Structure formats: C-alpha cells, structure tokens
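Protein chains in written order, with my numbering: chain G, 1 to 435; chain F, 1 to 367.
Derived by calculation from the structure, the hints in this document are not laboratory data.
Every value quoted in this text rests on a predicted model; they were computed, and no experiment measured them.
All clues stand as given, with none of them false.
Incomplete in silico selection of chain G near chain F, CB under 10 Å:
# : residue
1 : P134
2 : T316
3 : A323
The beta carbon of each residue, even a glycine, is placed where N, CA and C say it ideally should be.
Chain by chain, the residues run as shown.
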Amino acid sequence: MRTPSGAEVLGILAELRGAGAELRRRPRTERVEALGRVLERFRDPRSEERRELEARLPEASGFAPETIRAGLDLALERWTARALFELVEDELACGGRARLTGGGRARLTDGGRARLACAFPATSVLLGGAVPTPTLVALLAPLVLGSAVLARASSHDPVTAPVFARALAAEHPELGAALRVVSFPSGDADAMAALLSAECVVAYGSDETMEAVASRTGPAQRLVRHGHRLSVAVLGEGALSGPELERAADALALDVALWDQSGCLSPVALYLLGTERVPAAVLERLAAALERIGERLPAGRPGAHAAAELAVERGTAELRAAAEPGVALVAGAGFTLVAEPDARFRGSPLQRFLRVHPVAGVDALLAALAPLAPHLAAVGIAGAGGRTGNLAPALAALGASRICPLGHMQAPPLAWCHDQQGVLLPLARLADVEA
Amino acid sequence: MIPPARAELERELLAWMREEPERHDEARFERLALALFAFQLEQNEAYGRFCAARGKTPATVRSWREIPAVPTGAFKELPLRCFPAERTVKTFRTSGTALARRGELHLDTLALYEASLVPSFEAGVLPDFVAGERLPCLVLAPSPEEAPDSSLSHMFGVMLGRRGGAGSGWFVRGGRLEVDALLAALERAQASTKLLLCGTAFAFVHLLEALERRGSRLALPPGARVMETGGFKGRSRALAREDLRAWIGERLGVPAERVVNQYGMTELGSQFYDSVLREPGARRRKLAPPWTRVVAVDPETGRPRAPGQAGALNVVDLANTGSVLAIATADLGVLEPDGGFEVLGREAGAEARGCSLAADEMLRAHA
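All chains, please: the whole structure from these sequences, using the hints.
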C-alpha cells in the first residue's frame, strides 16, 4: 500500500464525501444487505477473504495460524447477515431507538415523536492492534448509516481492512467506492491531521492514542473512542472441582489462548469465589488445560519488547513464589499461571499470563474489581449457578459491558455494546422531531 | 550498624569511585561482585530464597555473570533490603498508579549512592569543565523538596549542590514546567559561556513546544550542554531520541554532540551516560561506570547475547550494596564489544498488538 501525503489524504476524503452522498441516496436495506453478504464471505472458511486473512495475518500479527483460524471461526460464528439486520433493526428501525434518515420525511410515532439518525458525510477510522474482528465492525458500522469511511490500517494488521474493502467492492461497487483504506506512519503529522479532519472520527488504541487524537480533533467533530480495556473471569463454587472444573478450565484456556490474550475480551485474571487460597487442584487443572490448548493453538511471536516484559513479570512471580506465602508459579510452554495470595488486582504482561486470585465472596469480588472499573470490558463466569443473575447487575454497574459464560469471551455478539455504547448510534447525528 | 562484611565492601567501592581516572578492573569487579552476592544472599531473605530455588549459592556461582538477576518488577512487590526496615534513611519510588504499585529502593545510607552518581555525572556531562567549577544549572524536574522520593530529583539536587552556580534553579513546580521563568533564565544564560540544562525528556518536549509556539529560537553559548533522561511512556507525544536531539539543536542551539542522554532507573544506584562529550567523535553509546556491568540476554532463555545482538538488559551494579546487585530490566539493548551499550527504545508511536490493557500500560494509566 502506497503511503499518501497529507494533501492526498485530504483529496481522498473529499472524494469519499461525494461517494457518501451517492450512498445515502440509496435505500438503507441495500447497504445492509450488501454488508451482510460481505460478513458472510468472512464467515465462510473457504472464501477467498478468509484464505487471505489466514495466509497473511500470521506474518503481520505474530499470531500462530491455528490461533487466527480458531479465533475467526469462533468470533464470526454469530456474525451473520441476519445478525447485522437485527442490529440495524434494534438500533435504528421502527421500534428501536432511532430512525435512519434517507432524505425522506420523518415518520412520527403514535406519540407524535421521532428520533432521526443522520450519517456524517465521512467517518475516519483509526484502526489499532492485530485482532482482526473489531476491524470488520469498525468499517461496516459507518457504512450502514451511509457515511463514507476512510480507514488507517493498523501496523499489526495491514490485511483485514484492505481485504474487507475489496470484498465490499465486489459485492456492491457503489458501496465499495465509499470506503478507502490508507496506511502511513503515525508520526506523519500532515497525513494524521488530514485523516482526523473527518466529521466523525473513530479511534482504537491506548489511552495515549486517545489523548493524542482528542487533542487533534475539534469540538464540532464527533470522536468515538475505543481505548484499551481488560477482562476477567470468575469461577463460582460449582466449578471448583470435578467435571465442572475440567469444563471451566478448558473454556477459560480457550478464552486466554485466542489472540494470545491481547484482546480487550481476553481474561487477565481469574477469581475463585468462596476461597481463601487458590486450591492446588484448580491450578493443576488450569495448567493442564493451558498446556492442551497450547498444543492445538500454539502461542505466537510476541515481539522483543513484549518478550522482555513477560520475562520480568515471570521472574517477579518466581521471586514472590520463593519468598511470599500463598504465591505459586506454573510456567509452562507458552503460558504462565500465578496463584495470588489475595484478591488484589495485579497487571498482566498478557501473552497467556493469567493470575488466579482467591476471593471470599461477591462483595469481596466487587471490591477487588472496583479499581478496574474504568477499564473493565467483560466478565466471563462459570459455576456461579443462580448467583450469575445477581452478579450481572453489580458487574454492569461497575463498568463491565459484557457478562458471558466462559469459553465465549472471544465471541461477542455483533450488537455488543462495546465500551457501553451502541454500535451504530454513536456514529450518527441524532435529532428528535416532535409533532 | 552496617555489618562488617558490607562495610568493608563499601570502603573498597568508595575508594574505587574516587579513583581518577575511572578504571575498569575485571578482577576487582569479579571479587567484589561475588562477595556482595554472598552477603546479599545471607541478608536479603527474599533474594536468598529466590537464589536457593534456582540452586544458586556462593558455592555454585563462580562469576558475576552467574549471579541471578532480580526483575525490576520485584521492587514493587517486596522490600528488597539487606538491613532492618527501621534503618531506612531514604526510599526512592518509581511512578505508580491506582492499579500498579510503585517500585521502591530502600537505602540505609546515601554515601555510596552519591559517591556513585557524582563521578558518572561529571564524566558523562561535564568532562570538559574544570573539576569543581560552578556554572548555571537549569533543572527541568521538580526539586528534591517537592519530590522527596524521586531518585532523579535527588541526583539533580546533589549535582546542583556541587556544581550549580549563579542563576541555577528548578523549573518544574506542581507537575508543570514553568516556561516563562525558564525562558527568562535561558535568556540570561545566553550571556554566559557555560550552561547545563538538564531534566526529563518530556519536560524538554514541553519547553521545545513552547519555543515553537512563540516562534523563538535560542542560541545558547558554545559551552552549553543538555542532559535529558527518561522515556515517553504514557505521553501523548513520543519522540525518537534523534528527533529530540535535532529539535533541541533547532530551538536551543545546542548541537547533538552536546546533548547527553542518561539511562538510569530507580532500582539502580548507578547511572549510564552517552559517550558524546567524553569521547567526542566516537560513535554514541552508553558508557558503564567501572563498578557496573551490563549484559544483553535472550528474554526467553536468559542466555547472554553476543555483542551486536539485541537482548533484554541485565545490570550488575556494585553500588546496590543494600538491596540487590543484579537487576533484570524489560529494556532492550545492544552491547558493544567494549562494554558500552545502546538502549533500543520502542519506536515512537509503536502500536500495541492488541486492545487489552497490558501491565506496563496499566502502570501509566492515571499516572
């Protein structure tokens, strides 16, 4: 992909605005159907698109090919054309929260009110990281609304966005003309300023990236942030022994292994409800499960800096295990398990590095998670029985935007309220029309 | 009271640090490192257990290269000291957040710490000045009074006390760079022949941005030099070191060959400086004081890398008598055949591989 200058990025944006205007003249269902067909292409393991992702992503992302295949299979299982249609219905159509404007008159409800959702002329998307599935949602959501999209590909995944763009052009050339993918170094201030001049900007990345983007966008622009987050897992008393423990350990190992724990939905800590210390049997089962999954889905290449950070965290755990009661370390091939003496959260260098904490009960769990609240994404639960229903509102109040069974953490629904936002509405201008 | 074994080691070390010129002495380093290792194994329970679990004892460790290195992360978890807590006279802390604890270096004496920092600073930053000569030192960091647990502020405080002349001062207060006061001081300093401008790299970025906004370019005197340290983690603006040097040259008029980067960390008693002022014309690299050794290791196996190959930096620092002498860092670097080294920073603007909040990022969230 050729690196465009700032002036060229501005030129592309201008072209895209024109294409977006064309787009909005067409019925929304046409766009949703075309985008649904693109999703189906990505879901099909034999499609050209999937073959290209699986062939090229390992080199770019550092993930093992088996992990990429399994991650895509699981994540896209429910991302059907039908799911996209339901998402649009849920957020935009009659009965939902808003109606998408198509240039026609607003239809008022019986109460004499209507909420209109209008597309921005152009949306810039600053993609981040190597996990490919968020890229699909990031690109299709503005297009559903009728906004043209200019995306900057992530340096760790230069593959998914261009493949999506080609698939879209093949399915619907007019829609394809409203999406362009560019690539330039993050230090290219001119190109970045041009990219961030779109009416709507969607940014994925670290807190520093969010801060930098926010400082370069104006008050008249819409900025939708998707900062880095983390997730945790909980085992209730029902999953602390026997076959339930085996099942939960395997499910959790899958959640940890997919994307080498680098996704915001990857659990970095496990809490054992109703325990004072981490039972040795639980640690053994988890280690065995991580060992097994490592044979099927090998750990990838983390990069030199990440490897050095992992070594420091492993070494620190080794020292603590030697010196601190209640701390244990199991360092396997491609994974690290640390039994902690208490529920206090500690960071993880990722790369399949999981801390296991005892926690007396639900109140103690919530207290332990409270410092994470601003960064919490999902909580995966197994063996909590009837408590799950009670736990969910408390976890949601804390900031979790997803509560789900273990083994499914890496497979959010297409309509998941990522970062406690809708998928489409944050990208729209809303207006209430009253009789 | 300091145990006799350590007191004897410190006497030898203090004598070494006072020697002029600094001399590398492998046999002396080896002997002192092994003696200090034996002492710390006995006095530092956590470290002793860590080494025992690895089967490393004074009987099995025959070279300083075999001394088990404690990861920097351990300083956040355990009080790694070789003396009773009540004898602590100073604790330096790393930056911390609501989610991540701060690393701590406890000291029961500042004598060796300061004896180590002074000759390294003098050799790295002021090698061409007459010993003891005072000059204006403008510090882009908080004073030790404002940041009593900052090892960097302490170091600047010690050097300001020794070398600071008229016009010296601190220009970060309440976490903010006092740009107007600093520019006024720089304006005055343009009349001097010598000047030291030192501080954190990010404070320099603030200064340079302010100069750029005002359209100002200074021409600091030919004897002026800049010492900058620290990285850009957690900052919305990151710069490659070469770019920072070029910017300093453009806005302050101090050429790259008089801009010295310091590599140091709270957990270490010694610091490492760029060679540019000490060895003009030679390739820029970090020089290690004689009482330290730096090795690059394969992060996955811990095996040493050959010179020229990148690896995680491990430091053996004899100035760490009261804590642990061997430290494993998460910094990457490349060793030179002469024992010097280069620190490989993350590429400015490098993106994370995923969208999960990693430990190092957590450390700087809310910082």
